[in-house]
Amino acid sequence: MESPLHISIDEYSPIEHLIINNEFDIHQLPVLLSYVPQLRRLSLGNLFQCSNEQIISCSIKLNHLIHVSLNMINITFDQFEILIKHLFFQVQVLYITTTNDKIYLDANRWEKLILSYIPYLRIFYIQWEYFPQKNVNTADIFMIESFRTQFWLERQWFFTFTLESADDDCYRVLFSTNPYRRKSYTLYGNLDKDMISNYQKNSINSVHHVYIKQEQTIDDDCRNYFPNATELTLSYNSINVNRNSPSIILNHIVPLTQLTKLNINVKSFLFKTMIELLYLTSNIYTLSVEDVCFDKEELPSIQQTEIFQLVSTRNKIKNLIY
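Numbering follows numbering that gives the first Met the number 0, in which position 179 of the sequence shown is assigned residue number 178; successive positions increment by one, without gaps.
Calculated from the structure, these hints are not laboratory results.
Quick reminder that beta carbons are idealized off the backbone N, C-alpha and C, glycines included.
Heads up, some of the hints might be wrong.
[Said to hold, decoys possible] Straight-line Cα separation of at most 30 angstroms, BS3-like style, residue types lysine-lysine; simulated pairs:
id	residue 1	residue 2
1	K317	K182
2	K266	K315
3	K84	K60
4	K111	K101
5	K266	K317
6	K182	K101
7	K101	K84
[Stated by the list, open to error] Restraint-style ranges between C-beta atoms, simulated for each label pair:
id	residue 1	residue 2	range
8	F47	Q302	48 to 54 angstroms
9	N314	E153	50 to 56 angstroms
10	S183	H251	15 to 21 angstroms
11	K84	R39	17 to 23 angstroms
12	K315	I122	36 to 42 angstroms
13	K315	K101	44 to 50 angstroms
14	K101	S202	29 to 35 angstroms
15	S281	T148	45 to 51 angstroms
16	N314	K60	53 to 59 angstroms
17	I122	Q37	17 to 23 angstroms
18	E289	S202	29 to 35 angstroms
19	R121	V291	18 to 24 angstroms
Go ahead and model the full structure; you've got the sequences and the hints to work with.
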């Protein structure tokens with residue numbers, strides 16, 4: 000059995016950029032970073048805790064570390080704060096995604112942390128996801144107002160939120176800053192139309208890849224439009240065979256003729272629906288399809304339609320992934 004690593008005293012690596020997408024235990028992070036004093040950029044795709052042990056709270060000099068991106072799974076703000084205090088003093092760019100702990104919405108706590116321990120921070124992006132049972136406590140959501148004080152405004156860090164349903168039993172609240180810098184965006188479906196009726200439609204120009212995670216989104220009056228999107232991913236469990244074609248509604252979310260890549264990760268996606276969608280996405284070069292279903296008796300009649308004939312002769316698909 001291999002012995003665990005300890006804080007480095009005289010062993011170092013010259014690594015400057017470090018990306019770890021696999022699960023990584025938060026308790027091992029100070030140990031790991033002690034071996035890479037030249038590190039400039041750090042990205043952890045799945046930071047979690049595997050025990051209730053106290054995080055090592057020794058300070059490590061990382062004078063070159065200026066860019067940090069953390070996707071944290073059930074890491075409390077208290078645990079995150081320990082990392083900031085002892086590891087990230089020089090950080091200028093901070094991206095974090097986290098879940099559940101409402102203390103992440105405590106603006107006063109953030110102000111004190113930033114002023115004292117990350118004073119050089121220029122770019123700050125946070126996505127906070129909350130999974131309550133059945134209902135969202137809107138009082139928690141409107142804690143966002145405390146992020147609109149002079150401290151935040153003078154740094155031009157602007158916050159917004161969306162209320163979106165992830166499934167029938169659990170609602171997701173996304174809380175973020177500067178959404179207009181995003182390159183990708185995920186839509187789940189609106190939580191409550193009465194709650195969001197006062198919000199105008201947003202045009203988010205920076206997004207190039209739109210994910211739709213719930214079929215309901217296609218039916219809802221989506222509040223966001225992505226004029227520069229070139230890739231669309233449909234990814235949900237199954238499609239309602241009794242619903243209308245999604246193609247026309249999708250055009251109110253993304254400009255379909257502008258898309259060059261289409262990913263259909265849907266169980267039993269109707270062949271007829273796919274043809275209708277391809278008809279309106281005439282510039283697709285890459286098509287990825289997980290599962291297509293069709294009635295063998297209906298197929299000949301579909302092949303005789305004008306839409307099918309046009310898709311067959313005019314499509315620009317060069318890469319097909321099935």
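Status of the hints after comparison with the structure:
no. : hint                               : verdict
1   : K317 with K182                     : holds (24 angstroms)
2   : K266 with K315                     : holds (25 angstroms)
3   : K84 with K60                       : holds (12 angstroms)
4   : K111 with K101                     : holds (17 angstroms)
5   : K266 with K317                     : holds (23 angstroms)
6   : K182 with K101                     : holds (26 angstroms)
7   : K101 with K84                      : holds (20 angstroms)
8   : F47 with Q302: 48 to 54 angstroms  : holds (50 angstroms)
9   : N314 with E153: 50 to 56 angstroms : holds (52 angstroms)
10  : S183 with H251: 15 to 21 angstroms : holds (19 angstroms)
11  : K84 with R39: 17 to 23 angstroms   : holds (20 angstroms)
12  : K315 with I122: 36 to 42 angstroms : holds (37 angstroms)
13  : K315 with K101: 44 to 50 angstroms : holds (48 angstroms)
14  : K101 with S202: 29 to 35 angstroms : holds (31 angstroms)
15  : S281 with T148: 45 to 51 angstroms : holds (49 angstroms)
16  : N314 with K60: 53 to 59 angstroms  : holds (57 angstroms)
17  : I122 with Q37: 17 to 23 angstroms  : holds (22 angstroms)
18  : E289 with S202: 29 to 35 angstroms : holds (30 angstroms)
19  : R121 with V291: 18 to 24 angstroms : violated (47 angstroms)
Checked against the numbered hints above, the structure violates only hint 19.
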